[in-house]
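Protein sequences appear in the order of chains A and B.
So the first sequence is residues 35 to 147, counted in our numbering.
So the second sequence is residues 4 to 112, counted in our numbering.
Keep in mind the hints are simulated off the structure, nothing from the lab.
It should be emphasised that the depicted structure is a prediction, and the values quoted were computed from it without experimental measurement.
For glycine and all other residues, C-beta sits at the position ideal for the given N, C-alpha and C.
Hints should not be assumed to be uniformly reliable.
As the list claims (entries may be wrong) - Heads up, incomplete: computed chain B residues facing chain A, CB under 8 Å, no partners named:
{"#": "1", "residue": "His36"}
{"#": "2", "residue": "Gly44"}
{"#": "3", "residue": "Ser53"}
{"#": "4", "residue": "Ser97"}
Stated by the list, open to error - A few chain B residues that don't get close to chain A, going by computed Cβ distances all over 10 Å:
{"#": "5", "residue": "Pro11"}
{"#": "6", "residue": "Leu14"}
{"#": "7", "residue": "Thr23"}
{"#": "8", "residue": "Ser27"}
{"#": "9", "residue": "Ala34"}
{"#": "10", "residue": "Ser48"}
{"#": "11", "residue": "Lys58"}
{"#": "12", "residue": "Gly60"}
{"#": "13", "residue": "His81"}
{"#": "14", "residue": "Ile111"}
{"#": "15", "residue": "Pro112"}
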Amino acid sequence: KAGVTQTPRYLIKTRGQQVTLSCSPISGHRSVSWYQQTPGQGLQFLFEYFSETQRNKGNFPGRFSGRQFSNSRSEMNVSTLELGDSALYLCASSLGTGTYEQYFGPGTRLTVT
Amino acid sequence: KNEVEQSPQNLTAQEGEFITINCSYSVGISALHWLQQHPGGGIVSLFMLSSGKKKHGRLIATINIQEKHSSLHITASHPRDSAVYICAVSPVGSNQFYFGTGTSLTVIP
Chain A
35 KAGVTQTPRY LIKTRGQQVT LSCSPISGHR SVSWYQQTPG QGLQFLFEYF
85 SETQRNKGNF PGRFSGRQFS NSRSEMNVST LELGDSALYL CASSLGTGTY
135 EQYFGPGTRL TVT
Chain B
4 KNEVEQSPQN LTAQEGEFIT INCSYSVGIS ALHWLQQHPG GGIVSLFMLS
54 SGKKKHGRLI ATINIQEKHS SLHITASHPR DSAVYICAVS PVGSNQFYFG
104 TGTSLTVIP
């Protein structure tokens, strides 16, 4: 069974631009969660989607948004990029959340200059 | 305020030593997860616990729900165990994860 894939793996953007990251979950998994990891803040929850519905959102500004498609693939978008958005963005898929094991993708490393 | 506290932050051990990493949390949870992250970023889920104890090879994870505390033990540590170990909790009634700051483990041959 193929694992979670994320594209692109690396990305360099300029302040003010927007970016879209993609996550393809493990086949059969309907939950996709997104996380931001920075050296200063560690891992932080962005949002979780289940069957195309956002079920929860972390404490991030509205510039961070996401969506999930009918095939469970998910995208997250960051608009008006700031230097502080430079981070490793990870997605994880699972059959559900809470008491289900999460399977992480390799991450997308975003650098904002 | 951190919902999840881990200790120690950094740990250096000699190969073969017994290692313990601790995690305390302040919210009611439906499950606690131990994650391993190697340099380069990839995260692997080691354990998911809602009660008791689990063992996988040289790794053992325990949880005490009443005390809101979990431990991850590594027996006969090996240099390949060198990684960051992260504790994460799923609060009851929420689909949001809260993460500890991680424990950076280095095992010296």
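Is the nearest CB of chain A more than 10 Å from the CB of His81(B)? holds, 23 Å
Beyond 10 Å on every Cβ pair: is that true for Lys58(B) relative to chain A? For Lys58(B), whose nearest Cβ neighbour in chain A is about 16 Å away, the distance exceeds 10 Å, so it holds.
Checking the smallest CB distance to chain A, is Thr23(B) really beyond 10 Å? holds, 21 Å
Would you check whether the claim that Ala34(B) is not at the interface survives, using Cβ distances to chain A and the 10 Å cut-off? violated, 5 Å
Restraint satisfaction for Ser53(B) [CB to CB of chain A, less than 8 Å]: holds, 6 Å
Hey, is Pro11(B) genuinely clear of chain A, shortest beta carbon separation above 10 Å? holds, 15 Å
Measuring from the C-beta of His36(B) to each C-beta in chain A, is the shortest one below 8 Å? Where the cut-off is 8 Å and the nearest Cβ of chain A is about 7 Å from His36(B), the hint holds.
When you look at the beta carbon of Leu14(B), is every beta carbon of chain A farther off than 10 Å? Check passes; 17 Å lies beyond 10 Å.
Minimum Cβ distance from Gly44(B) to chain A below 8 Å? The hint holds - Gly44(B) has a Cβ within 8 Å of chain A, the shortest such distance being about 5 Å.
Status of Gly60(B), Cβ more than 10 Å from any chain A Cβ: holds, 17 Å
Does the CB of Ser97(B) sit less than 8 Å away from some CB of chain A? holds, 6 Å
In terms of Cβ atoms, is chain A entirely out of 10 Å range of Ser48(B)? Ser48(B) is in fact no farther than 10 Å from some Cβ atom of chain A, at 5 Å.
In the structure shown, a violation is registered for the earlier hints numbered 9, 10, in ascending order.
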